[in-house]
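J.: Sequence:
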Amino acid sequence: MRFSVTPEKQQQLEERMAACGLREEDFEERFSASSGPGGQKTNKTATCTTLLHRPTGLTVKMQKARSQSLNRYYARKRLCELMEEMQLGALSPAALEREKIRKQKARRKRRIGKKSQNE
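Residue numbering for the sequence shown follows my numbering, beginning at 46 and increasing consecutively.
Hints may be right or wrong, so weigh each one.
As the list claims (entries may be wrong) - With a straight-line Cα cutoff of 25 Å, these simulated BS3-like cross-link-like pairs (lysine-lysine) come out:
#	residue 1	residue 2
1	Lys54	Lys122
2	Lys122	Lys109
3	Lys106	Lys89
4	Lys54	Lys109
5	Lys54	Lys106
6	Lys148	Lys159
7	Lys145	Lys159
8	Lys122	Lys106
9	Lys86	Lys106
10	Lys109	Lys86
11	Lys86	Lys145
12	Lys122	Lys145
13	Lys89	Lys109
By construction, these hints were calculated from the structure, which means they are not laboratory data. Fair warning: this is a prediction, and the values are worked out from it, not measured in the lab.
Using the sequences and the hints given, assemble the complete structure.
T.: What follows is the structure, given as structure tokens:
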């Protein structure tokens with residue numbers, strides 16, 4: 046499977062899919078016309094990708110880019126994220142990133158509270 050991305054990104058996606066246990070044979074892919082910004086190109090062509098992983102029933106719909114090839118790449122990437130979250134739970138990269146941001150916000154809130162007390 047070839048997408049409109051650099052070979053490094055292609056390789057990373059293939060490795061990530063293998064680590065999650067995702068295979069191309071398990072996917073059912075459909076294309077439809079997307080909507081939103083992008084002008085005539087997105088309105089006329091079937092750039093929106095809907096990817097179904099048959100064994101788990103997970104479905105991802107992607108219309109992030111103007112090209113079908115990039116949307117296919119992004120859909121597979123998102124499906125990997127969902128699978129990691131299902132398998133790893135709180136230890137998945139997305140969950141760790143959310144936790145990091147939550148802690149940063151709490152720290153900033155505490156700092157602002159201390160500033161207003163000093164004034």
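J.: Look at each hint and say if it fits the structure.
T.: For each hint, the structure was consulted:
Of the supplied pair hints, the one linking Lys54 and Lys122 holds, its CA atoms being roughly 10 Å apart against a limit of 25 Å. At roughly 12 Å between alpha-carbon atoms, Lys122 and Lys109 fall within 25 Å of each other, so this suggested pair holds. Between Lys106 and Lys89 the alpha-carbon distance is near 18 Å, which keeps this suggested pair within the 25 Å criterion. For the hint pairing Lys54 with Lys109, the CA-to-CA distance comes to about 17 Å; that is within 25 Å, so the pair holds.
As the CA atoms of Lys54 and Lys106 are separated by approximately 20 Å, the hinted pair is consistent with the 25 Å bound. With a C-alpha separation of about 17 Å, the suggested pairing of Lys148 with Lys159 holds against the 25 Å cut-off. For the suggested pair Lys145 and Lys159, the alpha carbons sit about 21 Å apart, so the restraint of at most 25 Å is met. A threshold of 25 Å between alpha carbons decides the hint, and for Lys122 with Lys106 the separation of about 12 Å falls inside it, so the pair holds.
The hinted pair formed by Lys86 and Lys106 meets the criterion: a straight-line CA distance of about 18 Å does not exceed 25 Å. Note on Lys109 and Lys86: the hinted pairing holds, with a Cα-Cα distance of about 13 Å set against a maximum of 25 Å. Of the pairs offered as hints, the one joining Lys86 and Lys145 is violated, with about 38 Å between alpha carbons and a cut-off of 25 Å exceeded. Our distance criterion of 25 Å between C-alpha atoms is met by Lys122 and Lys145, whose separation comes to about 21 Å.
For the suggested pair Lys89 and Lys109, the alpha carbons sit about 16 Å apart, so the restraint of at most 25 Å is met.
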